[in-house]
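Novice: Residue numbers (the working numbering), protein chains in the order written: chain P, 1 to 209; chain H, 210 to 884.
Rather than coming from a laboratory, the hints here were simulated on the basis of the structure. The C-beta atom is built at its ideal place from N, Cα and C for all residues, glycine as well. One or more of the hints may lead you astray.
[Said to hold, decoys possible] Heads up, incomplete: computed chain H residues facing chain P, CB under 7 Å, no partners named:
1) R290
2) A377
3) Y389
4) V390
5) A393
6) S395
[Said to hold, decoys possible] Pairs of lysine-lysine residues, derived as PhoX-like cross-links and limited to a Cα-Cα distance of at most 25 Å, are as follows:
7) K94(P) to K28(P)
8) K392(H) to K61(P)
9) K337(H) to K127(P)
10) K94(P) to K50(P)
11) K640(H) to K597(H)
12) K127(P) to K94(P)
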Amino acid sequence: MAEPDFEQPAHFAFDAESGAEIAHIVAKYPVGRQASAVIPALYVAQRQMKRQTGSAWVPVKAMDAVAERLGMAPIRVYEVTTFYFMFNTAPIGKYHLQLCTTTPCWLRGSDEVVRACRDATGIKGWKETSADGLFTMTEVECVGACVNAPILQVDDDFYEDMDAEKVKTLIAALREGKPPPPGSMIGRQTSAPEGGPTTLTTLQFAPGT
Amino acid sequence: MPKLTIDGIEVEVPAGATVLQAAEAAGIEIPRFCYHDRLSIAGNCRMCLVEIEKTPPKPISSCTYPAAEGMIVHTDTPMVRNGRRGVMEFLLINHPLDCPICDQGGECDLQDQAMGYGMDHSRYAENKRAVPDKNLGPLVKTSMNRCIHCTRCIRFISEVAGVPDLGATSRGEHMEVGTYVEKALSSELSANIIDLCPVGALTSKPYAFSARSWELSKTDSIDVLDAVGANIRVDTRGPEVLRILPRLNEDVNEEWLGDKSRFAIDGLKRKRLDKPWLRRDGKLQPATWQQAFDAIAAKLHGMAGEKIGAIAGDLCDAESMLALKDLMTALGSPNIDCRQDGAKLTNARRDYYTFNTQIAGIEEADAILIIGSNPRREAPVLNARIRKAWSQSGAKIGLIGAETDLTYPLSHLGTGPSAFADGEGFLKSGKRPMVIVGQGALTRADGAAVLAAAWGIAARAGALTAEWHGFNVLHTAAARVGALDLGFVPGPNGKSVEAMLDLDVLWLLGADEFDTKKIAAGTFVIYQGHHGDAGAARADVILPGAAYTEKSGTYVNTEGRVQRGFMATHPPGESREDWKIIRALSARIGHTLPYDSIEALRARLEQVNPVFANISFLPRFGCTDTTGPRGGATEDVAFAPRIKHYHRTDPISRASPTMAACVAALEPAPAMAAE
């Protein structure tokens with residue numbers, strides 16, 4: 001590990017809410033197979049950090065707590081946490097802006113979305129947090145919503161069909177603490193074509209009858 | 210038992226064997242990095258590619274592919290060769306070209322295999338990736354740029370050593386092997402990952418940059434820093450022991466070696482007794498051999514035998530102990546003892562003091578009861594076998610003694626003799642039960658009673674049958690079993706160690722592990738040994754002897770296996786091989802011992818006890834006479850651990866800076882006094 005520029009908290013313990021959540025997750029697996037719950041348990045820890053500190057990340061102490069709860073060697077939890085980029089091993093801003101730049105999003109203008117995010121937040125590079133501590137920008141691989149590309153994922157929510165203008169509005173709304181409802185930003189119904197459905201427009205179950 | 214053909218050679222292999230194992234059985238070598246026959250199969254280096262007929266036309270990794278009936282395998286076709294070359298090219302993309310300054314150079318799997326499958330140039334013009342080095346403690350040096358991610362070290366530490374400290378964090382291009390949170394490896398077997406590492410990513414820290422492998426002279430020897438008798442290879446250059454590596458012996462240490470046995474060797478260069486010393490006017494002063502012998506001869510002149518005593522230490526070879534015993538007999542003294550820690554061992558019968566199930570036999574046991582021992586500290590390599598019995602065949606392990614982490618799950622049945630009834634019940638659940646009695650249980654006042662009680666448990670639990678001998682004593686001293694075989698115990702009316710300390714003359718043969726302050730002020734102490742430790746500090750005459758790497762010696766391990774080590778270097782300065790010192794002194798005082806050569810002395814060894822005739826070979830045996838040793842009443846006091854600090858148990862490891870660094874890194878510092 002390179003020399004970190006942040007401090008690891010000295011303690012971490014699951015609060016009542018997390019404890020109940022983990023108990024529910026562990027109950028899904030056979031006795032002696034609790035280690036299977038490691039990924040959801042890490043999410044629980046990450047969400048608890050968000051509740052408690054406003055930053056959704058998993059400190060080493062939290063990984064240790066997961067390891068102890070699930071009866072695993074700590075290093076096995078470190079391996080999982082560092083393997084998946086969904087777990088943040090360093091503190092992030094209040095809103096985690098995850099920008100997809102894989103081919104479909106790129107073809108549909110993700111470069112513009114990225115530039116707009118940078119302009120709106122003042123962030124220069126990837127994995128950086130804005131000076132006000134509100135935003136962290138991360139480049140992600142395909143998030144699986146290519147039909148509505150380009151995608152900007154904020155924490156767990158997808159904002160689809162983004163462009164520079166919409167990014168500006170979205171960031172402004174986030175700054176006020178009023179995140180708009182997620183989904184398509186051009187009023188598209190789920191993944192249907194722009195401007196409404198073009199096929200199956202009439203309800204006809206057996207044509208020609 | 211599938212039968213298959215590999216390169217035209219037909220072989221039959223056990224069901225479940227892989228193609229790579231089958232190829233080995235056929236005598237065909239397949240290059241590999243990640244595969245290791247004592248670790249689980251990972252299949253991630255892809256170097257072992259072969260071509261198998263009637264499978265999809267692509268190279269197949271042989272280490273993961275199960276051998277099947279009628280399979281036809283080719284290990285040297287254009288497809289195989291191209292595949293392996295491709296793999297090699299990928300491995301070398303990020304591997305630095307620092308072989309000339311790499312300690313692995315000359316004994317590197319990657320270097321060797323690159324000769325067969327590497328290209329003479331690289332097609333990769335981009336920058337190589339840079340990985341920060343990890344600090345794994347005072348023993349293992351890392352150079353993580355060289356790592357090829359075979360994961361052997363991770364698998365060894367998790368599976369064999371049972372202390373899962375290492376892992377692979379991040380992924381893809383960013384994958385790193387390490388501990389994530391910086392810490393020193395806490396396993397007593399940690400340095401074996403140096404041997405396992407197929408490249409120079411993990412090398413020996415104390416040996417760093419000290420020699421190239423082809424400059425070293427290699428001598429087979431036996432480790433004496435615990436009682437397992439691990440087979441070792443001593444690598445020397447000139448007069449200096451540079452490193453110690455394990456030698457393969459399936460019956461004893463497989464191919465592992467404890468960290469202390471490997472790295473205490475820098476203690477061989479420090480605090481050495483390299484010339485005779487004589488106490489004049491209350492101060493030890495350098496002397497000549499002649500002066501030292503004269504002083505001893507003057508003291509012994511006309512002295513009654515019963516006023517002389519001899520104590521043999523923990524690192525002695527059988528030859529020197531026999532010479533000393535014969536000398537004491539010639540002087541008319543029955544006062545000899547090898548149990549300087551006060552262990553209540555008897556040599557009435559050999560199976561009362563040996564590890565009768567044998568180390569390889571541990572793997573067959575299904576219930577193991579450990580009494581008053583911490584095998585992880587006392588014999589880490591043997592502990593790995595117990596762990597293997599648990600991990601591979603599900604043996605249950607019970608412990609009576611201080612609760613501790615032995616690297617496998619165990620039932621803690623109690624701390625003292627009051628738990629013996631539970632222990633017996635525990636053992637009865639197994640078909641092949643074994644009892645391991647440690648020195649922590651035998652060095653107490655009621656040691657003999659504990660020994661008898663442990664034998665009783667074994668007898669009643671069905672551990673003593675004609676086919677299976679489940680009673681085991683785990684020793685901590687390499688010399689102990691050999692000394693008991695020789696009868697280095699008090700003769701008729703002889704005194705034991707405790708009673709010997711106020712005799713007129715006391716001969717300490719490398720004996721440092723008892724409280725030398727208890728020796729009476731008027732006692733004339735002769736210390737014969739190689740290190741200036743507790744015994745030498747109290748001595749009136751010091752006779753400088755040879756350490757285990759400097760003499761050819763016979764050692765009997767805890768199993769009762771007689772093994773022989775060879776001289777790797779000469780003893781430093783004026784010091785001499787120990788049996789020669791005793792032989793020379795015997796001539797000076799007019800009791801010349803009847804052997805002039807090591808061969809004659811070894812013939813005498815065989816005469817004293819025929820077990821010394823069988824070198825290295827020890828047949829398995831059962832127990833036909835279940836009469837136990839004589840005991841008494843046990844006291845219900847908790848068993849105390851015999852070894853407090855794994856890294857400092859003997860004069861060599863106490864003199865070793867590397868071992869001191871391990872203690873500093875691994876053992877919690879004494880609590881700071883409250884301000």
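Novice: Look at each hint and say if it fits the structure.
Specialist: Okay, the hints, checked on the actual structure:
1. For R290(H), the interface hint is violated, since its Cβ never comes within 7 Å of a Cβ in chain P; the closest pair sits about 34 Å apart.
2. Evaluation of the A377(H) hint against chain P yields a held restraint, the C-beta minimum of about 6 Å falling below 7 Å.
3. Proximity of Y389(H) to chain P holds as hinted, the smallest CB-CB distance being about 4 Å (cut-off 7 Å).
4. Below 7 Å, beta-carbon pairs count as interface contacts, and V390(H) has one with chain P at about 6 Å; its hint therefore holds.
5. For A393(H), the shortest C-beta to C-beta distance to chain P is roughly 14 Å, which exceeds 7 Å, and the interface hint is violated.
6. Violation of the interface hint for S395(H) is found here, the shortest Cβ-Cβ separation to chain P being roughly 12 Å, above the 7 Å cut-off.
7. Distance hint between K94(P) and K28(P) is unfulfilled; the C-alpha atoms sit about 31 Å from each other, more than 25 Å.
8. The hinted pair formed by K392(H) and K61(P) meets the criterion: a straight-line CA distance of about 15 Å does not exceed 25 Å.
9. Our distance criterion of 25 Å between C-alpha atoms is met by K337(H) and K127(P), whose separation comes to about 23 Å.
10. Note on K94(P) and K50(P): the hinted pairing holds, with a Cα-Cα distance of about 8 Å set against a maximum of 25 Å.
11. In summary, the hint linking K640(H) to K597(H) is supported, as the alpha carbons are separated by about 18 Å, within the 25 Å threshold.
12. With a C-alpha separation of about 13 Å, the suggested pair K127(P) and K94(P) falls inside the 25 Å cut-off, and the hint holds.
This entry does not satisfy hints 1, 5, 6 and 7, going by the numbered hints stated previously.
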